[in-house]
Amino acid sequence: MKKQKAKGPLAIKTLIFGALSGFLYYLVFSNEEWVTTTYTMGGWHTIYPVGTALVFSFVHGTFASNLLSLLGIEAKSSH
Amino acid sequence: MKKLFMFFILALGFVFIVNTAWAGGGGGPPKNMLKGVFVKVNDDRTADFKVDGTGEIKHLVLTEQVDIKEIPLERKVLVSLITEEKTHKITNKVKSVSIMFMDLTPSKIIALLVVGLIGGLLSGFIGSGGAFVLTPSMMSLGVPGAVAVASNMCHKFPKAMVGAYKRWKYGQADIKLGLFMAATAIIGVQIGIQIQKYILNHWGNAGSNLYVSLMFVIVLVVVGIYVFLDAYKLAKGGKEAETTKIAKKLQSINLPPMIHFKTAGIKISVWFTIPVGVATGMLAATIAVGGFIGVPGLIYVIGASAMVASATELVIAFVMGMWGSIQWGLSGLIDIRLTLLILAASLIGVQLGALGTTYVKDYMIKIVMGAVMLIVAVSRGAKIPGYLADLGLRAPLDPGTASLLNSVSFWALVAALGTAGIIISAAMIRGMLQARQGTN
Chain A
1 MKKQKAKGPL
11 AIKTLIFGAL
21 SGFLYYLVFS
31 NEEWVTTTYT
41 MGGWHTIYPV
51 GTALVFSFVH
61 GTFASNLLSL
71 LGIEAKSSH
Chain B
1001 MKKLFMFFIL
1011 ALGFVFIVNT
1021 AWAGGGGGPP
1031 KNMLKGVFVK
1041 VNDDRTADFK
1051 VDGTGEIKHL
1061 VLTEQVDIKE
1071 IPLERKVLVS
1081 LITEEKTHKI
1091 TNKVKSVSIM
1101 FMDLTPSKII
1111 ALLVVGLIGG
1121 LLSGFIGSGG
1131 AFVLTPSMMS
1141 LGVPGAVAVA
1151 SNMCHKFPKA
1161 MVGAYKRWKY
1171 GQADIKLGLF
1181 MAATAIIGVQ
1191 IGIQIQKYIL
1201 NHWGNAGSNL
1211 YVSLMFVIVL
1221 VVVGIYVFLD
1231 AYKLAKGGKE
1241 AETTKIAKKL
1251 QSINLPPMIH
1261 FKTAGIKISV
1271 WFTIPVGVAT
1281 GMLAATIAVG
1291 GFIGVPGLIY
1301 VIGASAMVAS
1311 ATELVIAFVM
1321 GMWGSIQWGL
1331 SGLIDIRLTL
1341 LILAASLIGV
1351 QLGALGTTYV
1361 KDYMIKIVMG
1371 AVMLIVAVSR
1381 GAKIPGYLAD
1391 LGLRAPLDPG
1401 TASLLNSVSF
1411 WALVAALGTA
1421 GIIISAAMIR
1431 GMLQARQGTN
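Protein chains in written order, with the working numbering: chain A, 1 to 79; chain B, 1001 to 1440.
Hints are computed from structural coordinates only; laboratory data are not their basis.
Glycine is no exception: its CB is placed at the ideal position from the N, C-alpha and C atoms.
A portion of the hints provided could be inaccurate.
As the list claims (entries may be wrong) - Distance condition first, Cα-Cα at most 27 Å in a straight line; then the derived DSS-like pairs of lysine-lysine:
#1 B/K1093 / B/K1108
#2 A/K76 / B/K1245
#3 B/K1262 / B/K1361
#4 B/K1069 / A/K7
#5 B/K1069 / B/K1169
#6 B/K1040 / B/K1169
#7 A/K76 / B/K1361
#8 A/K76 / B/K1089
#9 B/K1031 / B/K1050
#10 B/K1248 / B/K1197
#11 B/K1236 / A/K76
#12 B/K1040 / B/K1108
#13 B/K1040 / B/K1086
#14 B/K1058 / B/K1176
#15 A/K76 / B/K1076
#16 B/K1076 / B/K1245
#17 B/K1176 / A/K76
#18 B/K1262 / B/K1249
#19 A/K13 / B/K1169
#20 B/K1262 / B/K1169
What the hints assert, rightly or not - Here are some chain A residues pointing at chain B (derived, C-beta under 10 Å):
#21 M41
#22 A64
#23 K76
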């Protein structure tokens, strides 16, 4: 029962992070020209790819985590 | 004293990171490579090349190996220059030109997503993996080697971070042990790179390739068979894994500073963790998959369970992947589009793999690890005859055999990934069904 109660907010969270992640992907791929040029200038520009990877891992990672929970795929509880 | 020592080891690792990052050396791209755009190609097989970053215009000579018609103007390319055999001086003669950013077609995108998903699954489950198949896959899709390595590295650390976080939440990852190993692994990477440079200077590219493949095969076959046999025994006997004799012996030696790793439940002298860390780093610098020695090292030498070892490896992979990514980013070789496409699927895969470990017995991790190592060994082994021929140690291969060996090598990697994907999924589904029946 508890799990079912939590599904509503979880679905909203998944949707928000999914939309955010989708938007970020859209941003990168719709500006492909600028992104590929700027990100590969070398030197301090290394912040761009490393930072982007971190942001995506947080946003998309949270989305993926929520999505799996929503689908009912969760870790075995040890208790 | 103990804290001071720990601080010292971590600080040493950090100094190495900063040092190599600023020197731009380390695991970076080969020195005979130029990045930039062709401004003008002349009829006399010469060209003006604008180097990326500095804006310097270089006058290059195009060798017969390069097709003038295929040289794109005003498009970012990677140019590989010929190195003189005896002096190792880099000439201005162009050996090959490759376009840096391939056009992404739907089939290429799907291929990246699929490999990313299974690579992630493997990574979440055994602590490493994916990298050994992602780089060759990307290269076969037409990505230049250096860009493939760089983009792959940049996808490795966020994936490892997410995986490590999940497995830390399940109480499996020992962060302290991971950080410790990572700091010493970075020292190992430096040693590995020096060995590589030495071999490259003495025996050239072919020698270096042969060395990498031989190391790959020897380490993978020896360690792979050991892990696999151990897992087989455990699976057959249905017994729980025991700490090895070596690990027990090492843990009993009281050589200060002794450190207690809480999650792993181990108290061991720092001096014994260092060789495992260094070996992991050396292997990472040589074959790009340190985990193949890191995880077995943690299990059989340090005495951690397969569960804790594979989880802790993710912490190591995060630190080392981040360090590597900064390096490749400094040289400007990361194609973030590729990184993000792989991440799109691998962030799902890695969490699936991580939660999968909670449903299986400890030996299952060893079975997957052993199986993957042995199949990857076949893939690398198939490359050895070619490298021997390059060095003049055997007769040249006829084109038929060469292409057969190449496809054996590639498909073995695909098989490794496929096998792992199937074993993990099957074990996980079985575990989930059993757990569900148990609660009903």
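Structure-based check of all given hints:
1. B/K1093 / B/K1108: It is violated: about 32 Å lies between the C-alpha atoms, which goes past 27 Å.
2. A/K76 / B/K1245: violated, 31 Å
3. B/K1262 / B/K1361: holds, 21 Å
4. B/K1069 / A/K7: violated, 59 Å
5. B/K1069 / B/K1169: violated, 56 Å
6. B/K1040 / B/K1169: violated, 57 Å
7. A/K76 / B/K1361: holds, 12 Å
8. A/K76 / B/K1089: Violated - the C-alpha atoms of B/K1089 and A/K76 are around 59 Å apart, more than 27 Å.
9. B/K1031 / B/K1050: Given that 27 Å is the threshold and the Cα spacing comes to 17 Å, the pair holds.
10. B/K1248 / B/K1197: violated, 37 Å
11. B/K1236 / A/K76: Holds. B/K1236 to A/K76 sits at ~24 Å (cutoff 27 Å).
12. B/K1040 / B/K1108: violated, 31 Å
13. B/K1040 / B/K1086: Violated, at about 31 Å.
14. B/K1058 / B/K1176: violated, 49 Å
15. A/K76 / B/K1076: violated, 49 Å
16. B/K1076 / B/K1245: With a Cα-Cα distance of about 56 Å, the restraint between B/K1076 and B/K1245 is violated, given a limit of 27 Å.
17. B/K1176 / A/K76: With a Cα-Cα distance of about 25 Å, the restraint between B/K1176 and A/K76 holds, given a limit of 27 Å.
18. B/K1262 / B/K1249: holds, 19 Å
19. A/K13 / B/K1169: Given that 27 Å is the threshold and the Cα spacing comes to 20 Å, the pair holds.
20. B/K1262 / B/K1169: holds, 14 Å
21. M41: Holds. Min distance 5 Å.
22. A64: holds, 4 Å
23. K76: holds, 4 Å
In summary, the structure is inconsistent with hints 1, 2, 4, 5, 6, 8, 10, 12, 13, 14, 15, 16 from the numbered list given earlier, while agreeing with the others.
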